[in-house]
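Start from the sequences, fold in the hints, and give me the full structure.
There are 2 protein chains.
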Amino acid sequence: MVSPLLNDLYQFSMAYAYWKAGKHKERAVFDLFFRRNPFGGEYTIFGGLDECIRFIANFKIDDEQISFLRSVMPNCENAFFDYLRTIDCCDVEVYAIPEGSVVFPKIPLLRVEGPVAVVQLLETPFVNLVNFASLLTTNAARHRLVAGKSKLLLEFGLRRAQGPDGGISASKYCYMGGFDATSNVAAGRLFGIPLRGTHSHAFVSSFMSMDEIVDKTLKSPDGSRTCEDFVSLVQNWFSKLQWTDKFRGIFGETNQSELAAFISYALVMKSGIPNFCAVALALNDMGYKARGIRLDSGDLAYQSIEGRKIFCEIEKKFSVPDFGKMIITASNDLNEETLDALNKQGHEVDAFGIGTYLLVEISKQPRMKLSEDVSKVSIPCKKQIYRLYGREGYPLVDIMTGVNEPPPKVAERILCRHPFNESKRAYVVPQRIEELLKCYWPGDSHKTREELPSLQKIRERCLLQLSQMRPDHVRRLNPTPYKVSVSAKLYDFIHFLWLSEAPVGELQ
Amino acid sequence: MVSPLLNDLYQFSMAYAYWKAGKHKERAVFDLFFRRNPFGGEYTIFGGLDECIRFIANFKIDDEQISFLRSVMPNCENAFFDYLRTIDCCDVEVYAIPEGSVVFPKIPLLRVEGPVAVVQLLETPFVNLVNFASLLTTNAARHRLVAGKSKLLLEFGLRRAQGPDGGISASKYCYMGGFDATSNVAAGRLFGIPLRGTHSHAFVSSFMSMDEIVDKTLKSPDGSRTCEDFVSLVQNWFSKLQWTDKFRGIFGETNQSELAAFISYALVMKSGIPNFCAVALALNDMGYKARGIRLDSGDLAYQSIEGRKIFCEIEKKFSVPDFGKMIITASNDLNEETLDALNKQGHEVDAFGIGTYLLVEISKQPRMKLSEDVSKVSIPCKKQIYRLYGREGYPLVDIMTGVNEPPPKVAERILCRHPFNESKRAYVVPQRIEELLKCYWPGDSHKTREELPSLQKIRERCLLQLSQMRPDHVRRLNPTPYKVSVSAKLYDFIHFLWLSEAPVGELQ
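Which chain is which? The protein sequence lines are G and C, in order. Mapping to our numbering: the first sequence position 437 is 437, numbers consecutive. Mapping to our numbering: the second sequence position 145 is 145, numbers consecutive.
Heads up, a few of these hints could be off.
The list treats identical chains as interchangeable, and a pair is accepted whether it falls inside one copy or across any two copies.
[Said to hold, decoys possible] Heads up, simulated PhoX-like pairs for lysine-lysine below, C-alpha to C-alpha not over 20 Å straight-line:
1. LYS20 with LYS216
2. LYS325 with LYS219
3. LYS20 with LYS219
4. LYS289 with LYS309
5. LYS382 with LYS106
6. LYS216 with LYS23
7. LYS25 with LYS149
8. LYS309 with LYS216
9. LYS489 with LYS149
10. LYS23 with LYS246
11. LYS60 with LYS483
The set of hints was computed from the structure by calculation and includes no laboratory data. Computed from a predicted model, the values in this text were never measured in an experiment.
Take a look at the structure:
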């Protein structure tokens, strides 16, 4: 899928122009960074690196692709296509922040260096791969933060995804950002993401009566016991529940005084929780454990609380251990905001199934615009990045330096300057320093390179990094911007460059 | 990519439950339809059928997939997996409206019939494939309608797409909906979509001086003449332009009185149009034709008009035929609304490059929710659909009938009823009748089926159908809803079913 042809045509046109001018082998570099955090937040999670590295590792334009390019660029000389056929990424270098890291605007996520014609051909695919992945991962992380650590987050987005691959990517990056499972079987197989599912309303309505259940026997998990008529066992439990004092009005007997208040409520609950309880109790008799219920409409906060009450009452009344801990899943068009609202109301939901809105939110946010500019290699412009940690263990500031500057040292004062605002600067004495850009593709195969970690490891990094942020940076409401700075030397260089390139007005 | 595992886990769980209950071979049917048109419009273009049919044609769960399913459904009996291994879609029937058709809410786009367990496994992939495709195609068609027939529409969405496949699908369905070309080379190769591209700002800035141009010779297209120093030829033209009366202030000499007004304008124009003109004129000397310019920032309406003036002046002054018809492309974050605004202001843009917002608009629109409900085959619920055309050639109304009803006849009065509102009904005397649902997958391979047309043919259908709609249905502002109706018989049946399924309150 991600072939070198997954590219804007003009990248090939420009590669040709470089080649024609004899400039195609000149070294060039581009940084991939963004200007604003998405979702109104003050942080972003970096996703997509693994796919970028796999892309360059396999970068090769085959004969069939060459002949297609030839057909769409009929005015290019043959020798250019001979050149295209030879290129690969063995003389390209990629430095990147580890995938799953918390990252901030202006800081390069990737630094790509190599022959200008080759680097030009990497630009569009990299932007494509990183943009969507980072938005999805960030969105997922935001859901995780608002849901809290103890809740299960399930991704149910396949139906509403932007095509097949959109669905698979959604599952992958939601998991990376802190979701626990997906309903998407293909994503489960490809990435080892845990799978979850329930059943649809259509399934419920496809059974018209108990007579349709042909095989009524149920064996216990260990095979030692057989219930010959599981349907009767369920019906038996249903009667018991009906005659339980606390359940009058919920389990079939209508209760005059509650009728008005419960009409809408009962429409959902009547066909849901009571039948579920009867089946779950019968299963319990046979040594099985029912997993839980899913609420898909109505007032989720209220229903989850009422459901929990019933489960707890059953645990007490019929001495069924853990029946009160039955998992309650909610899945009605949830998003970050509705999760937040549920938290404020109070609820008894254990797991959230999130689908419809997951990908909608993403695309309202084109502002995480990745910027890139292939330009000549200029040493002072090649940057290294350090994250400086304070006394309390929180990261304080990211600082960019030229690659040729000495790195900052622990316990040594360093001046951090705002990249554009002359008056904003601060001395920092870091207690710990993390070098952010690592070499993931060294060009020279003898050099060491960072391992590409598993999806599970990347997910752990993401959750760990989020937990280490100072809470006000990652809170939903009015988060504090995290500081991004440059060294004094880099500041001077940037401003020299800026002045030399800025147009000067002329007054006559 | 689109394997049978691209599915919600619960579809497999339900297939298991059907199998376990011995119901898996019972015939079931589902209609795929939507409830509301997207983008605040009153029409939708149906996309994704081709991919659905290819999906069922290749539907087969292989051994590796079976063993994965076994691992995630450890409690299912072995015989179920043996059954899964055997299934294909040879006993499934798919009727559908031709892809690229203008379609309306409540009308089934596809009717899928087959063994319930198999049909259940088709539901999620079909929704995934049709939802995104139809949104993209509809969005593209809306852009086409607002841009007008004569303008070029270019899709530049790859960088902002939701992953690699999202980009390829965007190119495909934008073309289907009436775009003319894409920048995405892979999509060009896969679907034969015309390719277009320009160059980036980075390319411009990578050349520091004329000295960097090593090879200054240019041959004429037929090879008969050689210009040894094309750079001098361009510089020569630049001087001539500078000394042209009408271009003072634009071509290098600053004009006091215009300075204030043109400061921002000149910043763009100075480095753009004048240099372009000099190169284009030099190319013209050598027998080449320059194609045009791209405006990517600033006031597109104003700049395009000023640019056109310059091109026309050059055509006149230097007698260069067609120089005034130079193609002006605009590409600065365009969407339906900005196109509409440009039209209102007046402009000289010939082509629009649309990228960033193309996919954003899509995902603000989750309301094109596809609905589906696998249920028992019930003859009266299997519907046929007819589009009835009036005297002026416009479609008047779509009518759904039971498949067993006689079809409507030309020039014969038929009662069309609103599906839910008892009082809304009208007699229609159709002048032409189109049967909308065609058989694309007959199950029985001996039966005839509709051909899957090429992307180009589907695009033609889309543009033709749009041009045949009564204009008030497709206009941007306050469009008139198109009428969708049911036959008298189907109305009665629906309401019988409705009453029999609706809960009845009980008062004691």
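Verification of the supplied hints:
For the homomeric pair LYS20 and LYS216, the shortest alpha-carbon distance between copies (10 Å) is at most 20 Å, but the shortest distance inside one copy (78 Å) is not. Taking the shortest alpha-carbon separations for LYS325 and LYS219, neither the intra-copy value of 25 Å nor the inter-copy value of 81 Å comes in at or below 20 Å. Taking the closest pair of Cα atoms, LYS20 and LYS219 come within 20 Å of each other only across two copies (14 Å); inside a single copy the shortest separation is 76 Å, beyond that limit. Taking the closest pair of Cα atoms, LYS289 and LYS309 come within 20 Å of each other only inside a single copy of the chain (19 Å); across copies the shortest separation is 79 Å, beyond that limit.
In this assembly of identical chains, the alpha carbons of LYS382 and LYS106 lie at most 20 Å apart only when taken from the same copy (14 Å versus 58 Å across copies). Within a single copy, LYS216 and LYS23 get their C-alpha atoms only as close as 77 Å, which misses the 20 Å cut-off; across copies the closest is 14 Å, which meets it. For a Cα distance limit of 20 Å, the shortest separation of LYS25 from LYS149 qualifies neither inside one copy, at 50 Å, nor across copies, at 44 Å. When the C-alpha separation of LYS309 and LYS216 is checked against a cutoff of 20 Å, the pair qualifies neither within a copy, at 31 Å, nor between copies, at 84 Å.
In this assembly of identical chains, the alpha carbons of LYS489 and LYS149 never lie at most 20 Å apart, being 42 Å within a copy and 56 Å across copies at closest. Taking the shortest alpha-carbon separations for LYS23 and LYS246, neither the intra-copy value of 83 Å nor the inter-copy value of 38 Å comes in at or below 20 Å. In this assembly of identical chains, the alpha carbons of LYS60 and LYS483 never lie at most 20 Å apart, being 40 Å within a copy and 54 Å across copies at closest.
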